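Trainee: Sequence:
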Amino acid sequence: TKDGKYYVAGLGLSMEDTPDGKISQFLVAADRIAYINPANGNETPGFVMQGDQIIMNEAFLKYLSAPTITSGGNPPAFSLTPDGKLTAKNADISGHINAVSGSFTGEINATSGKFSGVIEAREFVGDICG
Numbered sequence: 001t002k003d004g005k006y007y008v009a010g011l012g013l014s015m016e017d018t019p020d021g022k023i024s025q026f027l028v029a030a031d032r033i034a035y036i037n038p039a040n041g042n043e044t045p046g047f048v049m050q051g052d053q054i055i056m057n058e059a060f061l062k063y064l065s066a067p068t069i070t071s072g073g074n075p076p077a078f079s080l081t082p083d084g085k086l087t088a089k090n091a092d093i094s095g096h097i098n099a100v101s102g103s104f105t106g107e108i109n110a111t112s113g114k115f116s117g118v119i120e121a122r123e124f125v126g127d128i129c130g
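Just so you know, this note's numbering puts 108 at position 108 of the sequence shown, and the rest follows in order with no gaps.
Check each hint, because a few of them may be wrong.
[As the list claims (entries may be wrong)] Pairwise CB distance ranges, derived in the manner of DEER restraints: (1) 78 / 43: 28 to 36 Å; (2) 59 / 126: 20 to 28 Å; (3) 125 / 47: 57 to 65 Å; (4) 72 / 121: 56 to 64 Å; (5) 126 / 47: 54 to 62 Å; (6) 118 / 48: 52 to 60 Å; (7) 115 / 46: 48 to 56 Å; (8) 48 / 126: 28 to 36 Å; (9) 50 / 3: 41 to 49 Å; (10) 74 / 95: 45 to 53 Å; (11) 14 / 90: 46 to 54 Å; (12) 9 / 92: 43 to 51 Å; (13) 7 / 52: 15 to 23 Å.
None of these hints come from the bench; they were simulated from the model. These numbers come from a predicted model, not from an experiment. Beta carbons are placed, not taken as given, at the ideal position from N, Cα and C, and that holds for glycine.
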């Protein structure tokens, strides 16, 4: 203890019988956990857990399930919400895009296209009758 506050660090191993079978546990009690690879001489941890955060410089995930994904920065440049709303600033998107509705501001360049509704414009330039 220090100044009336308790501190603890420790390791725990357990085996537990549950209705679904045995469960083994390896528990660590610490304010911070870090993994360093002494073989490569790098003193920068590849993984740190502190408080409610896990910090990794790089991660390779085969499958990611996340309620919300947000990039760093303030404001974030990229976010994806559970309902599928994607917000991306300065996006470069290629391939096929399907959309039910939307709006564009600025310039649109295309080589061909079809419209099955009303087109409204203040001005036409060039041959519009084809």
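Trainee: Against each hint, give a clear statement of whether it holds in the structure.
Mentor: Going through the hints against the structure:
1. 78 / 43: 28 to 36 Å: 31 Å, holds
2. 59 / 126: 20 to 28 Å: Distance hint for residue 59, residue 126 is violated at roughly 51 Å.
3. 125 / 47: 57 to 65 Å: 59 Å, holds
4. 72 / 121: 56 to 64 Å: 41 Å, violated
5. 126 / 47: 54 to 62 Å: 59 Å, holds
6. 118 / 48: 52 to 60 Å: With Cβ atoms ~57 Å apart, the hint holds.
7. 115 / 46: 48 to 56 Å: 53 Å, holds
8. 48 / 126: 28 to 36 Å: 60 Å, violated
9. 50 / 3: 41 to 49 Å: 21 Å, violated
10. 74 / 95: 45 to 53 Å: Hint violated: Cβ distance 30 Å, outside 45 to 53 Å.
11. 14 / 90: 46 to 54 Å: 50 Å, holds
12. 9 / 92: 43 to 51 Å: 48 Å, holds
13. 7 / 52: 15 to 23 Å: Given range 15 to 23 Å: holds, Cβ gap about 18 Å.
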